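4 protein chains.
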Amino acid sequence: MNKILERIIIDNKELTKKGKVADYIPALSKANPEDLGVCIIDMNNNIYTAGDYDKKFTIQSISKTVALMLAIMDNGEEKVFSKVGMEPTGDAFNSIYKLETGDISKPLNPMINAGAIAVSSLIKGGSSEERFERLLSLFRKISSNDNLKVNEEVYLSEKRTGNKNRAMGYLLKDMGVLEGDVEETLDVYFRQCSIEVDCIDIANIGLFLANSGTILKTGENIVSEHVAKIVKTFMVTCGMYNSSGEFAIRVGIPAKSGVGGGIMGAVPRRMGIGVYGPALDERGNSVAGYGVLRDLSRELNLSIF
Amino acid sequence: MNKILERIIIDNKELTKKGKVADYIPALSKANPEDLGVCIIDMNNNIYTAGDYDKKFTIQSISKTVALMLAIMDNGEEKVFSKVGMEPTGDAFNSIYKLETGDISKPLNPMINAGAIAVSSLIKGGSSEERFERLLSLFRKISSNDNLKVNEEVYLSEKRTGNKNRAMGYLLKDMGVLEGDVEETLDVYFRQCSIEVDCIDIANIGLFLANSGTILKTGENIVSEHVAKIVKTFMVTCGMYNSSGEFAIRVGIPAKSGVGGGIMGAVPRRMGIGVYGPALDERGNSVAGYGVLRDLSRELNLSIF
Amino acid sequence: MNKILERIIIDNKELTKKGKVADYIPALSKANPEDLGVCIIDMNNNIYTAGDYDKKFTIQSISKTVALMLAIMDNGEEKVFSKVGMEPTGDAFNSIYKLETGDISKPLNPMINAGAIAVSSLIKGGSSEERFERLLSLFRKISSNDNLKVNEEVYLSEKRTGNKNRAMGYLLKDMGVLEGDVEETLDVYFRQCSIEVDCIDIANIGLFLANSGTILKTGENIVSEHVAKIVKTFMVTCGMYNSSGEFAIRVGIPAKSGVGGGIMGAVPRRMGIGVYGPALDERGNSVAGYGVLRDLSRELNLSIF
Amino acid sequence: MNKILERIIIDNKELTKKGKVADYIPALSKANPEDLGVCIIDMNNNIYTAGDYDKKFTIQSISKTVALMLAIMDNGEEKVFSKVGMEPTGDAFNSIYKLETGDISKPLNPMINAGAIAVSSLIKGGSSEERFERLLSLFRKISSNDNLKVNEEVYLSEKRTGNKNRAMGYLLKDMGVLEGDVEETLDVYFRQCSIEVDCIDIANIGLFLANSGTILKTGENIVSEHVAKIVKTFMVTCGMYNSSGEFAIRVGIPAKSGVGGGIMGAVPRRMGIGVYGPALDERGNSVAGYGVLRDLSRELNLSIF
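Protein chains in written order, with the working numbering: chain A, 1 to 305; chain B, 1 to 305; chain C, 1 to 305; chain D, 1 to 305.
Just so you know, these hints were derived from the structure itself, not from any lab.
A few of these clues could be false.
The list treats identical chains as one, so a pair stands whether inside a single copy or across any two.
Stated by the list, open to error - The list that follows gives simulated cross-link-like pairs (lysine-lysine, BS3-like), each with its CA atoms no further than 25 angstroms apart:
| hint | residue 1 | residue 2 |
| --- | --- | --- |
| 1 | 106 | 18 |
| 2 | 79 | 18 |
| 3 | 106 | 159 |
| 4 | 20 | 159 |
| 5 | 217 | 98 |
| 6 | 13 | 159 |
| 7 | 13 | 55 |
| 8 | 124 | 56 |
As the structure is a computational prediction, the values presented were derived from the model and not from experiment.
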């Protein structure tokens, strides 16, 4: 398996040149566009790696999956989905106009920014710090990594420049979707996006979802199979920004990407996958990471369809 | 199994009262809103039925799956997807505005009307009659029913009143997506929507997809496993109009609905399902049919996620 | 006055190089982009001209003003404005999406294509020929030119390629705005756009509006002062496509432009103006024609504000 | 003249029952829906009044005209219109989606909220207090009322609940339109909307515009005729929210309304008009105030068209 991974990394290395590192904040633009790494963890907890699997990057939108779980754990499915919809959208992840022109008065799904901000507002706690600490605890548990922490430079930078997300927050407040303080919710959101991980960490989170909400190593059950299924379904219908439909067809693995360059995959009952390649295509997905997952899916027959 | 089906039909019968029969053309409005039927065909070709499984209805949007297959068979994947996208959308199935305001100049996917019209324009043949005959042949083959035919009353009615579809056709023509004559393409489209089927017919089509593009009974391979997968993936991401995301979460079966009241399900490597219940919810899906599939999925553990 | 006009033509000649002749149909693309002409007719019926004032061009969208008058004469104000709104829009003249997403279910105003098509459908007559003949009669009368006629090459070309207008027609039909046959209405519309005029002709139409609906030369009253005012108001709020607001500020003359390169001006109680310059800016207005009117407005103090 | 005004007030009193007082903040909802008043000041400085002409109300969107003047005085026309467009729009005054989906990356015009916020950001001063004080000074001068001041209850209420305006502010910041601090700009904006006036005050401001930017009483010139013209033009094309087009046709007076119930009219070289009637139609204009202006326009022949 390690050999397969190494070959696939080599085969897709060229693709890194077709993308561009995210540059909306300086901290992200410092990433090396040629980095490419992968990690697979199977149901026997075997860990296979190749390439730059141990490089650190911020988790960004991948965090939306875990925040959704915690929001459901804290509020129940019904409350959460009264605030955010279940439908995919052909629009960009940071699109705002549907909040105003759509026929439902809530964000379309929890994987676009507007929906993710609504979800973060539902995480319980007495302050934004406490709310984030509860979320970070969950991240540490399901990634089996007690050392996960926020990249402070990225967090502060996101917070300072995140005016489109701020606009969404206030619009959601105006619509009655977001209940608490907008800046506090955004603080949780910016922190969660800035958690620093490597391929092994997100492969572990993917494995946890593949294993239906139970931590494989310890056997500890965190969420019901049903909730794990909800998350994996969103990963298929909306996980790869507005390339989700194409990705479902060409790859067929429940996956969630982030503009930090990571993609987390969860193949039900088979494996968790973590990929890292910071050169992004125009929709915000890792170009070469996409290629790695496509090749893995073909080689190992991983499509769920 | 027949018992399970009968119980599920009884359990969901009440739901038929929550919907309304499609009434945009008189022929459809004559359906009995309380009808509810189901048929399952498994990989051993066992046929299980309950309720009004033998009532006839027009296939409507379910036909989009088969037309897509034929368009790919005729033109190859690349050509087809140069004319129609792969992305789901949160908009209604008959929405037109994204054709103008979207960032790609083609319909978002082949399951919304605009995309389906583009797909129908790609079916080869010397005339609209010939093109439709080729499509009807394919329908007959994969439904194992040589008697499938168009309901002429519905066809003529669709053709006479289908002005929004006509508008889409001319807009697609203007955009350079639709190549041939608009009225001819619409003629194919209106005919394909008016093919009359029952639950057994669409269960057979679902079975053919579940069996990866090979007719189970005869072993005849019609399309590659890859193409069958494409169709099933679209069924998951866009098959249930703008409830597709919710359906994926709550049911998790690749399915395609039509405003005639039918829903076709294809559970990979397990079974084909046909459901009929003409009372529709506001998004155009059979209310009780949705319920039947949800119950089936839970009872038989059919979710692919 | 002739001297002023000549100087203004010379001053704006350079601007013709900044625009592009309309090329969506071959007949229009044959125009000489450097042509520039002007004609002013004052309330004493003095005619002043300069430049290419006698070059022929098709009237295009300028016809929307006259069609609106006839529709009101035929149906009354109330009926007409139940089918088309009175509000300007920041969108392009050939934009279609607001028909679907707007909060009123009719075109926003009679100066955008969708609204103009709705207006043309209201012109009375037993056939499209008869309806157009009635409209052409009105054109001839108010332009004091009995020889006005359709440029057949342009008409047939518009008809053959006008698929976006066709899409609008069918969408309006679907919405219940357009009552008769779509193709017949479009036939009237394509013909009216293809009427061939020169600067004197449109200056005469402008004069008729400036003179509150009475033909100056003959004293014949055609429409009430009120109706003439309606038309001039639309010329201010929506006459220059989506540069109308800017034009009102920079020029302040009720004016209507067409993609044939003409602009008709009507300065209340002072004069009619016809300008021709086929090189268009990106919004569809004559680049140099805009300049001519701006200079005229400043020099002769013509702004109504 | 006083008689005419009194009759017109009586004639339109009934209309007050067709509207609803703004209720998005408690302070506004306390207004008496049956109030109706008018004031006309002519070029000889004669003041005519009728009805509740001396009732106080907050100026709201009417302030956008004066803020625009100050922004132009502070920055020049070119800078201001690089940040905000000149085109009317068929959308609601508080609409946000065009900021994202429009083809120009700035608010369409300075009379919608997004544009007005951009304009307020251009008013110079070391702090929001100083910027507002400069604006208030201008208000006092052109209304010939040194006692104008902010209604603190309304101001604080707007500030606390103005989340949609806040969303616009952050979106404008993200787009690079708004340069300074968002909350500071909003503070200026919320204050300017909360200035308390009566009919005489806004008639004086209208008179100042009608008199081309010179205070009639003192002869002091404040802005050029050109700038006064710009403001009056915006009042025609965008002054009455998304009823501006209809108002131009039915009334034809440059006018600006506010959700506090006021409408300011400026009839070039003839008079300033102030109307007050807090019962609003669904687009945010004073129902009976609209009627009063329509009757005045007919009776005194005030349309500029």
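> Between the shortest in-copy and the shortest cross-copy C-alpha distance, which are at most 25 angstroms for residue 13 and residue 55: within, between, both, or neither?
Replying inline: For residue 13 and residue 55, only the intra-copy Cα distance (16 angstroms) is at most 25 angstroms; the inter-copy one is 56 angstroms.
> Checking residue 217 and residue 98: alpha-carbon separation at most 25 angstroms within a copy, between copies, both or neither?
Replying inline: Classified as neither: same-chain Cα gap 42 angstroms, cross-chain 47 angstroms, threshold 25 angstroms.
> Quick one: residue 124 to residue 56, C-alpha cut-off 25 angstroms, is that within a copy, between copies, both, or neither?
Replying inline: neither (28 angstroms within a copy, 45 angstroms between copies)
>> For residue 106 and residue 159, with the copy left unspecified, which applies at a CA distance of at most 25 angstroms: within, between, both, or neither?
In response: The answer is both: 23 angstroms in one copy and 24 angstroms across copies each meet 25 angstroms.
> Are the CA atoms of residue 79 and residue 18 at most 25 angstroms apart within a copy, between copies, both, or neither?
Replying inline: between (42 angstroms within a copy, 23 angstroms between copies)
> At most 25 angstroms between C-alpha atoms: does residue 20 with residue 159 qualify within a copy, between copies, both, or neither?
Replying inline: Within one copy only: 22 angstroms inside a chain, 41 angstroms across chains, cut-off 25 angstroms.
> How do residue 13 and residue 159 come out at 25 angstroms by Cα distance, when the copy is not named: within, between, both, or neither?
Replying inline: neither (33 angstroms within a copy, 52 angstroms between copies)
> Are the CA atoms of residue 106 and residue 18 at most 25 angstroms apart within a copy, between copies, both, or neither?
Replying inline: Answer is between; shortest inter-copy Cα gap is 24 angstroms, intra-copy 36 angstroms.
Consistency with the previously given hints fails for numbers 5, 6 and 8, ordered from lowest to highest.
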